[in-house]
Amino acid sequence: MRKSIQFLGMLLIATVVMMSCKKDTDPADKDLFVGTYKGTVSYKKDGTTINSSDGKITVSKIDDKYSFYFGNNIPDLTGIKFEKKDDNSYVSVGSGFTGITINASTLKMLVVKDGATWTADCTR
1 MRKSIQFLGM LLIATVVMMS CKKDTDPADK DLFVGTYKGT VSYKKDGTTI NSSDGKITVS
61 KIDDKYSFYF GNNIPDLTGI KFEKKDDNSY VSVGSGFTGI TINASTLKML VVKDGATWTA
121 DCTR
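Using the working numbering, the first residue of the sequence shown is number 1, and each one after it goes up by one.
A couple of the hints might just be wrong.
The list that follows gives simulated cross-link-like pairs (lysine-lysine, PhoX-like), each with its CA atoms no further than 20 Å apart [to be verified]:
1. K84 with K65
2. K44 with K56
3. K113 with K81
4. K81 with K65
5. K113 with K45
6. K56 with K108
7. K38 with K108
8. K108 with K44
9. K45 with K81
10. K108 with K84
11. K38 with K56
12. K81 with K108
13. K85 with K108
14. K65 with K85
15. K108 with K65
16. K113 with K44
What the hints contain is simulated information worked out from the structure, not anything from laboratory work.
Model the full structure from these sequences, guided by the hints.
Structural data, given as structure tokens:
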């Protein structure tokens, strides 16, 4: 009986995550959003350069703060606030995190903070 309850709980969690990850879901429309964008990503700091033409960024949004989780040993960017543009895109605001634009299908990034540079040109 206990294993059945655990299985049903895991199934419910998986369903919620899959529903929040639909490719046509616009992050601006949800208070809770998780999506994966794929494309070209790069990171530079102190002579270290990481480039990937098949990079992946997992984006999560809780309330009004976004977090960007990179693969390829690139440091993550978290707790970033956005404001809406007129074309249903959102642009990052706040100290050091300007240069990110996101919508339901694209993610573009050029962030320079603390001597490091993150770039991304991704779609989902």
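These are the hints, each one checked on the structure:
1. K84 with K65: 13 Å, holds
2. K44 with K56: Within the cut-off at roughly 17 Å; holds.
3. K113 with K81: 15 Å, holds
4. K81 with K65: Cα-Cα ~5 Å, so holds.
5. K113 with K45: The hint holds at about 10 Å.
6. K56 with K108: Cα-Cα ~13 Å, so holds.
7. K38 with K108: Roughly 11 Å separates the two Cα atoms, so the pair holds.
8. K108 with K44: 16 Å, holds
9. K45 with K81: Outside the cut-off at roughly 23 Å; violated.
10. K108 with K84: 15 Å, holds
11. K38 with K56: 5 Å, holds
12. K81 with K108: Holds. K81 to K108 sits at ~15 Å (cutoff 20 Å).
13. K85 with K108: 14 Å, holds
14. K65 with K85: 16 Å, holds
15. K108 with K65: Given that 20 Å is the threshold and the Cα spacing comes to 17 Å, the pair holds.
16. K113 with K44: 11 Å, holds
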